[in-house]
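Trainee: Chain by chain, the residues:
Number of protein chains: 2
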Amino acid sequence: MELLLTVSRERPGTLSAQIQGQVRDAVRSGSLRAGTPVPSTRELAAQLGVSRKVAVDAYAQLAAEGYLALRQGAQPRVAAGPFVHPSAGSGPGSSDPIRYDFRPARPDVSSFPRAAWARCLRDAVTEITVDDLGYGDPFGTGTLRDTLADYLGRVRGVVATRDRVVVTNGYLQGLGLICRALAARGARRIACEQPGSPEEARIAARAGLEAVRVPVDELGLRVDRLAATRADAVVLTPAHQHPTGVVLAPARRTALIAWLRATGAIAVEDDYDAEYRYDRPAVGALQGLDQDHVVYAGTASKVLAPALRLGWMVLPSVLVRDVRTERLLLDQGTARIEQLAYAHFVRRGELDRHLRRMRLRYRRRRDAVIEALASSMPAARVRGIAAGLHVTVELPPSVDSAAVASAARANGIALATLADYGAPSPPTLILGYSQMTESRLRSGIRELATLVT
Amino acid sequence: MELLLTVSRERPGTLSAQIQGQVRDAVRSGSLRAGTPVPSTRELAAQLGVSRKVAVDAYAQLAAEGYLALRQGAQPRVAAGPFVHPSAGSGPGSSDPIRYDFRPARPDVSSFPRAAWARCLRDAVTEITVDDLGYGDPFGTGTLRDTLADYLGRVRGVVATRDRVVVTNGYLQGLGLICRALAARGARRIACEQPGSPEEARIAARAGLEAVRVPVDELGLRVDRLAATRADAVVLTPAHQHPTGVVLAPARRTALIAWLRATGAIAVEDDYDAEYRYDRPAVGALQGLDQDHVVYAGTASKVLAPALRLGWMVLPSVLVRDVRTERLLLDQGTARIEQLAYAHFVRRGELDRHLRRMRLRYRRRRDAVIEALASSMPAARVRGIAAGLHVTVELPPSVDSAAVASAARANGIALATLADYGAPSPPTLILGYSQMTESRLRSGIRELATLVT
Numbered sequence: 009m010e011l012l013l014t015v016s017r018e019r020p021g022t023l024s025a026q027i028q029g030q031v032r033d034a035v036r037s038g039s040l041r042a043g044t045p046v047p048s049t050r051e052l053a054a055q056l057g058v059s060r061k062v063a064v065d066a067y068a069q070l071a072a073e074g075y076l077a078l079r080q081g082a083q084p085r086v087a088a089g090p091f092v093h094p095s096a097g098s099g100p101g102s103s104d105p106i107r108y109d110f111r112p113a114r115p116d117v118s119s120f121p122r123a124a125w126a127r128c129l130r131d132a133v134t135e136i137t138v139d140d141l142g143y144g145d146p147f148g149t150g151t152l153r154d155t156l157a158d159y160l161g162r163v164r165g166v167v168a169t170r171d172r173v174v175v176t177n178g179y180l181q182g183l184g185l186i187c188r189a190l191a192a193r194g195a196r197r198i199a200c201e202q203p204g205s206p207e208e209a210r211i212a213a214r215a216g217l218e219a220v221r222v223p224v225d226e227l228g229l230r231v232d233r234l235a236a237t238r239a240d241a242v243v244l245t246p247a248h249q250h251p252t253g254v255v256l257a258p259a260r261r262t263a264l265i266a267w268l269r270a271t272g273a274i275a276v277e278d279d280y281d282a283e284y285r286y287d288r289p290a291v292g293a294l295q296g297l298d299q300d301h302v303v304y305a306g307t308a309s310k311v312l313a314p315a316l317r318l319g320w321m322v323l324p325s326v327l328v329r330d331v332r333t334e335r336l337l338l339d340q341g342t343a344r345i346e347q348l349a350y351a352h353f354v355r356r357g358e359l360d361r362h363l364r365r366m367r368l369r370y371r372r373r374r375d376a377v378i379e380a381l382a383s384s385m386p387a388a389r390v391r392g393i394a395a396g397l398h399v400t401v402e403l404p405p406s407v408d409s410a411a412v413a414s415a416a417r418a419n420g421i422a423l424a425t426l427a428d429y430g431a432p433s434p435p436t437l438i439l440g441y442s443q444m445t446e447s448r449l450r451s452g453i454r455e456l457a458t459l460v461t
Numbered sequence: 009m010e011l012l013l014t015v016s017r018e019r020p021g022t023l024s025a026q027i028q029g030q031v032r033d034a035v036r037s038g039s040l041r042a043g044t045p046v047p048s049t050r051e052l053a054a055q056l057g058v059s060r061k062v063a064v065d066a067y068a069q070l071a072a073e074g075y076l077a078l079r080q081g082a083q084p085r086v087a088a089g090p091f092v093h094p095s096a097g098s099g100p101g102s103s104d105p106i107r108y109d110f111r112p113a114r115p116d117v118s119s120f121p122r123a124a125w126a127r128c129l130r131d132a133v134t135e136i137t138v139d140d141l142g143y144g145d146p147f148g149t150g151t152l153r154d155t156l157a158d159y160l161g162r163v164r165g166v167v168a169t170r171d172r173v174v175v176t177n178g179y180l181q182g183l184g185l186i187c188r189a190l191a192a193r194g195a196r197r198i199a200c201e202q203p204g205s206p207e208e209a210r211i212a213a214r215a216g217l218e219a220v221r222v223p224v225d226e227l228g229l230r231v232d233r234l235a236a237t238r239a240d241a242v243v244l245t246p247a248h249q250h251p252t253g254v255v256l257a258p259a260r261r262t263a264l265i266a267w268l269r270a271t272g273a274i275a276v277e278d279d280y281d282a283e284y285r286y287d288r289p290a291v292g293a294l295q296g297l298d299q300d301h302v303v304y305a306g307t308a309s310k311v312l313a314p315a316l317r318l319g320w321m322v323l324p325s326v327l328v329r330d331v332r333t334e335r336l337l338l339d340q341g342t343a344r345i346e347q348l349a350y351a352h353f354v355r356r357g358e359l360d361r362h363l364r365r366m367r368l369r370y371r372r373r374r375d376a377v378i379e380a381l382a383s384s385m386p387a388a389r390v391r392g393i394a395a396g397l398h399v400t401v402e403l404p405p406s407v408d409s410a411a412v413a414s415a416a417r418a419n420g421i422a423l424a425t426l427a428d429y430g431a432p433s434p435p436t437l438i439l440g441y442s443q444m445t446e447s448r449l450r451s452g453i454r455e456l457a458t459l460v461t
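Just so you know, the sequences run in chain order C and H. For the first sequence, our numbering gives the first residue as 9, with consecutive numbering after it. For the second sequence, our numbering gives the first residue as 9, with consecutive numbering after it.
Please note that the accuracy of each hint is not assured.
As the list claims (entries may be wrong) - Just so you have them, the derived chain H footprint on chain C, three or more residues with Cβ under 8 Å: (1) 11-18; (2) 116-127; (3) 209-217.
What the hints assert, rightly or not - The following label-pair restraints were derived from C-beta to C-beta distances: (4) H:Ser118 - C:Thr262: 41 to 47 Å; (5) H:Arg329 - C:Leu227: 20 to 26 Å; (6) C:Pro206 - H:Glu226: 50 to 56 Å; (7) H:Gly74 - C:Leu227: 39 to 45 Å; (8) H:Glu226 - C:Glu18: 17 to 23 Å; (9) H:Ser59 - C:Leu368: 20 to 26 Å; (10) C:Val326 - H:Leu336: 50 to 56 Å; (11) H:Gly74 - C:Pro258: 28 to 34 Å; (12) C:Thr137 - H:Glu226: 39 to 45 Å; (13) H:Ser118 - C:Tyr286: 25 to 31 Å.
Since the hints were derived computationally from the structure, they do not count as laboratory data. The beta-carbon is built from N, C-alpha and C at its ideal position, and this holds for glycine as well.
Next comes chain C alone, as it looks inside the complex:
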């Protein structure tokens, strides 16, 4: 417990007056806030090298003036006085309350396996090596990188070894790193899916790359349109296009790999939710077809919780050096105790257990949404495969999806539309179903149906 004060016999005023003046200023300016504990008089005297009496006198005066709250046997604190200091803002996003949360691409974090995660964290703190507590490899701990290489090989058909696995603070950070590494190697343009995530173009621009949009149809990305873009790279969601929900067709995969090899371009495979498939096995990762031209990118945000800020990439060897350089300059790597905890979580089968439980739950929720849509909005058409954490709901062409979204918002229903992903037509709602129970989902859809006219 320390307080930043300095006193000197060479300055004007008694030592006690100097202490008082500095504490008063700190409280008035807000640098010492109401309720903040301050050192005991014994501690303060020792810190400043003054007698105990000087400290006691100063505190007594400050208490008398209402700056400090002293109570026998308790830690002294800054009083809860009427001091003027800037009020703490409540942060963004505190607008209308959300009654029905259909926002997509979020898992049900109320099911976060707290006990299992706490055990993994505890073991990670116990076991972490002194080397790993320091500035370690910016790509991450060897333990997690080996674990991910094994896991992704087993579940997604990814071909990886430790030296090409990078642990990231989530997918977007990984995309930014790849864009910077590509720019450092002379890349100029990167193709993105249309419709697709609105952040990608902005992230590319930060790295000095121009984003060009390539359309998506029922078979996924229009790979035949890539050549005309003269792009040096392409970002795509082949397993479950975000947000339309279609799968990149086999012939398109082959054509994409051929284009990558012919041009030397790099594909970034955003495998954001492949863990959730409800009626068929997941298609294997594109990266399994070509490890020299495809960056595989995954995240714990959808399988566990966004709060972990944990993701990973498997790099073509040609990008390893540049990504390492950029990572060192960006933030020197991801928090390492959590990396070890995640390695435990995967190795002990906790992740598989959690996913089995969540898949059942999400599947039931998806079924509830689809049944409710069929009965309340018979004109709507659900597109995409039975997968992921949202449904894509195409409305009749006469419907104005912006008006629906705006009416929904006014009624406390949060959702997205295809327009949010850069495609104003056809009128389409993107409804996440992961965060509500089946009965809430049913009543939410019923209420939403009344707004679709």
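Fit chain H to the supplied structure of chain C, relying on the hints for placement.
Mentor: Leaving out everything else, chain H in the frame of chain C:
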């Protein structure tokens, strides 16, 4: 426990043969690595919708061929066979072994308070709200931001409220964010200390800013030289210049604030190790003098462990919006369970306790180095204040510090020189003393002295 396989009666080969072929390919290509657990035959049969017998037959054949290791009652695994796949690299930095580690700016992580940190993590996992488990405020959890505002006010004289506190993944990430926010506001040039951290200019360049160097003398940054640079911002280490160890003189502080106000420029105050002062109270943060032109930046890397990747900034209100935008595009914030753990660590007095213990230890180590230098290298002069985690050792002008560093490296002694920070003269060693016991420090200095000729 899942395996990415697909089988179909419409494909050529029996179902068992299809399983075998896919597992063989995965093992050969390295996507299934030696030792990786695979599903039991019961689980595999359920996953693929085939009979148990099909799975048993396939596994028996794969075991017979040496691909799988089966043991009664144990989880089946990929065998430790002679499969050809890319070898896992051992990562960078595995050059000569370090016998004496004098690298600066690293704490003694062997003293990391594992038990206390584990308790804080456990409580954080238990208490974290569902909102905080999702995509929360990219600036961080309110709990930690309030805690930091109080703590920094108490200990460093920083004036802060929650809405201007950003939790970062360490200082360098924060600097990058500030540079990007400044660039978005039209800034072109940023001044950095000479000597100073070599990364700063590269980080500025990534954001499109030109770094210009301004010299440091015995009174700290030459503030009088700022005007000529026409810089829009300046990065400095006022409490303990890195690496020279001098303190920014009071008149320079006043002149700096005047320059900031006159030009509207922004200062980034890197307060990297103010917690460690051995013979005098720390000078208060520059930010306390002007909250509208100074970004205060701190880190847990020196007080606890770099592995946490945890830092913080207090922003002038004019930068809040742009930093938020850049943070959302960069990585959407810092891991939140760890933020709550750190808030607990501070609030419970664990940080103060840890710092008291470490200050005593570091002070003894510093004294040991200074005594050893006086007896083994009498011509060397220790510069800077009694603070931080390293000493700055000026050698006689005739000494070639690059040759000393190179001889030291060859003898397993890791250290830095002033040249590493962009100042080739005077010949100066930067010796971190935090990571060795007093007796190791003494013998390290003695051995180093034999190389200084």
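Trainee: Give a verdict on every hint.
Mentor: Status of the hints after comparison with the structure:
1. A count of 4 residues in the region 11-18 of chain C with a Cβ less than 8 Å from any Cβ of chain H is obtained; the coverage claim is therefore met, three being the minimum.
2. Closer than 8 Å: that is the beta-carbon criterion, and the region 116-127 of chain C has 6 residues meeting it against chain H, so the requirement of 3 holds.
3. Counting residues of the region 209-217 of chain C whose CB lies closer than 8 Å to any CB of chain H gives 3, which reaches the minimum of 3, so the coverage claim holds.
4. Look at Ser118 of chain H against Thr262 of chain C: about 54 Å separates their beta carbons, and that is not inside 41 to 47 Å.
5. The hinted range of 20 to 26 Å is not satisfied by Arg329 of chain H and Leu227 of chain C, whose Cβ atoms lie roughly 41 Å apart.
6. Checking the proposed 50 to 56 Å range against Pro206 of chain C and Glu226 of chain H shows it holds: the Cβ atoms sit about 52 Å from each other.
7. Here the CB-CB span from Gly74 of chain H to Leu227 of chain C is close to 40 Å, well matched to the stated 39 to 45 Å.
8. At roughly 22 Å, the beta-carbon separation of Glu226 of chain H and Glu18 of chain C lies within the given 17 to 23 Å, and the hint holds.
9. Between Ser59 of chain H and Leu368 of chain C the beta carbon distance is about 23 Å. The supplied range of 20 to 26 Å therefore holds.
10. A hinted range of 50 to 56 Å for the beta carbons of Val326 of chain C and Leu336 of chain H is inconsistent with their spacing of about 30 Å.
11. Remark: the range hint 28 to 34 Å for Gly74 of chain H to Pro258 of chain C is upheld by a beta-carbon distance near 32 Å.
12. The hint said 39 to 45 Å for the Cβ distance between Thr137 of chain C and Glu226 of chain H, and at roughly 41 Å that hint holds.
13. Take Ser118 of chain H and Tyr286 of chain C: their Cβ atoms lie about 49 Å apart, and the range 25 to 31 Å is violated.
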